[in-house]
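*Asks:* Here's the letter readout for the chains.
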Amino acid sequence: MTQQSGLSTFVNELGRRRVFRVAAFYGGIAFVIVQIIDGTFEVMGIPPWVSRLLIVLLGLGFPVAMGLAWAFDITPEGIVRTKGRTTGKPGTSNKALIAVTLFAVAFGIWGRWGGQAGSREQIRSIAVLPLDNLMGDPNQDYFVDGMHEALINNLSRIGALKVISRTSTLGYRNSGKRMPQIASELGVDAIVEGSVFRDGNRVRITAQLIHGRSDEHLWSSDYERDLDDIIALQNEVATAIAEEIKIAMTPGERARLAESRKISPEAYEWYLRGNDYIRNLSFMIAGRKTVLEQAVKVYKQALDIDPYFAAAHARLSYTYTSLYFYHNQPPEVARSAKTAVDRALELDATLPEAHLALGYYHNLVNRNYDEALEAFSTARSSLRGSSEIIAEIAHVQMRQGQWEQSLDNFQRAAELGPRSPGIQGSLATIYNYLRRYTEAEKVLHHLMTLTPDMPMVYANQIALALLSGGGIDKARKIIRASAVYMDPVSVMGLGSQLIYRLGFWRYGLLDQSPEEIIQTLSHIYPQPRDQLYYFSMAQIHTQAQQPEMSAAYYDSVRVWVENRLAGNPDSFTLQADLGLAMAFLGRKEEAIQAGQRSKELLPISACHW
Amino acid sequence: MVMAYIQVLCGNYDAALDEVGLLLSIPSQTSMDWFLADPIWGPVRNHPRFVQFLAES
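Chains as they are written, first to last, in the working numbering: chain H, 33 to 641; chain Z, 798 to 854.
The set of hints was computed from the structure by calculation and includes no laboratory data. Treat the hints loosely; a few may be bogus.
As the list claims (entries may be wrong) - Taking CB as the label site, the calculated pair distances span: (1) S854(Z) <-> R210(H): 45 to 55 Å; (2) N206(H) <-> Q849(Z): 49 to 59 Å; (3) D811(Z) <-> Q326(H): 19 to 29 Å; (4) R399(H) <-> I837(Z): 26 to 36 Å; (5) D402(H) <-> Q849(Z): 46 to 56 Å; (6) S854(Z) <-> K278(H): 51 to 61 Å; (7) Q628(H) <-> I837(Z): 12 to 22 Å; (8) K209(H) <-> N843(Z): 51 to 61 Å.
Bear in mind that the values here come from a model prediction, so they are computed numbers and not experimental data. The beta-carbon is built from N, C-alpha and C at its ideal position, and this holds for glycine as well.
With these hints in hand, go ahead and build the complete structure from the sequences.
*Replies:* This is the structure:
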């Protein structure tokens, strides 16, 4: 007998014993059960392992049902053993039946966990999208955003997990994009979505995990606690996600995520409001000083209520450091930054935010780059996946002239912050320094697609055009392109933040008349005016061929700077500003003297950037 | 960078070009294209050292 006729006999025998009918019936019932599991178990809060167990049992039940169908038959007399065929080789048919059913089971299991969501066990990268505010009150956004930031920070403690930076996820708030697209754009295996609801002192966080490639809903759960237990609540959500994706955690990481200290709800709310101010600084130039001063006030309110709140001391220190560095504040502001960070470390020597604040202090205030690197490295040992810390390390290395290491770290930070304007902008800047203009162009093009409404992106592009030989014509095209989203005047002065104090006014890039530009700048520039405003006005008047007015504004720069130098004579930036103003005023000796003093205070050998 | 600008504005062209030479020899946000495009550097464009920098760039 040929093999073909043997197979035909076996198939006929399957039909005679009603195996096909039972298989179809079993398959139909199993399909319905799986649909019920998928659709209802998560909603009912049934743990995921229950649904997994049921599906495994359904799979294992299939060969048993086939065996029973082969061996028995339902007749009017009851269940009887099926009579064997009078011809053929029953032993061969039985072996074939076992092989077919085992294959079917294996195929089914692969289809469930191998084919559709095969990388479930391999989730090593994750993005937490902005959480939904379920309170219906936009005034609570600061609270919801604070929970979002805390969740990302907590997941960033896990060294084996790649966690996308907060700023890179912000663009996906109500984006309407499908999960596979978001996962692909951010380069992650899975996405966390969620919401926050708060009723009085009770806070509930809902989180759900979605497989990036397949869009499969992997897990979801609710967590609820009192506000004074918010640290435990945040840790609980992060730990649940980590356990769900089975990511490896060190004992130290586990211990940090198991913390459950109580906090003062009122102090914590002030702290979150302070963080909200800082978070929204971004590339804000106009009004940034006011925002920082507001942040100082609310952090102090938090500390009035709870003087032992280490994280609030740390953030307060960072705020003072920013005020000192970016806004030429007197030395007592720098001393306040140091006092606050010392207190934070005294209260909690393991707090990564405190080491981060210490790093900022050393980097921006006393310019001790070795100390800054040490502090940032300590912070990173606890927050291994923080793109912010990696970028700060890169900034310090840039100042030290460690260009290769700096670029390496900026690239790493950019992977974690693929849509973070700050990190991508810094990456473009280091490419500019290294004169790798093609790569800078690529980064800025990417940044433009992400944030076409951000003035700093256009300022960066203009700088790149002038550095790379694109010239004034290309710069003019860029400034015209910006007009779709903003008043181009808001872009022009930003060059002073990028390269040096003068901005781009002298290139005559704008289509407006000098009178129109002056009117717009006067309108959009915040009060009180500072030296950058006076530099801008001086140059615009030069363009308007009004030398007397131009000189008057340069003199305003001089007065503004000298007033601040009286309290802070060792500020290299103030000395540099004074030197430039004096040079434009034709007071050459004083210009050179101030310029030399600036160089002595911060020689290139001490700071390459 | 600022010192280069102070020197060129003060008419100290050799000192300004010393600064330019230093800036071009290290990673920095400068290039000969940058100095060529900037009107402040107009007075030194025909200076032999500036021309030499240009030829070397």
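*Asks:* Which of the numbered hints above does this structure break?
*Replies:* 3 and 5
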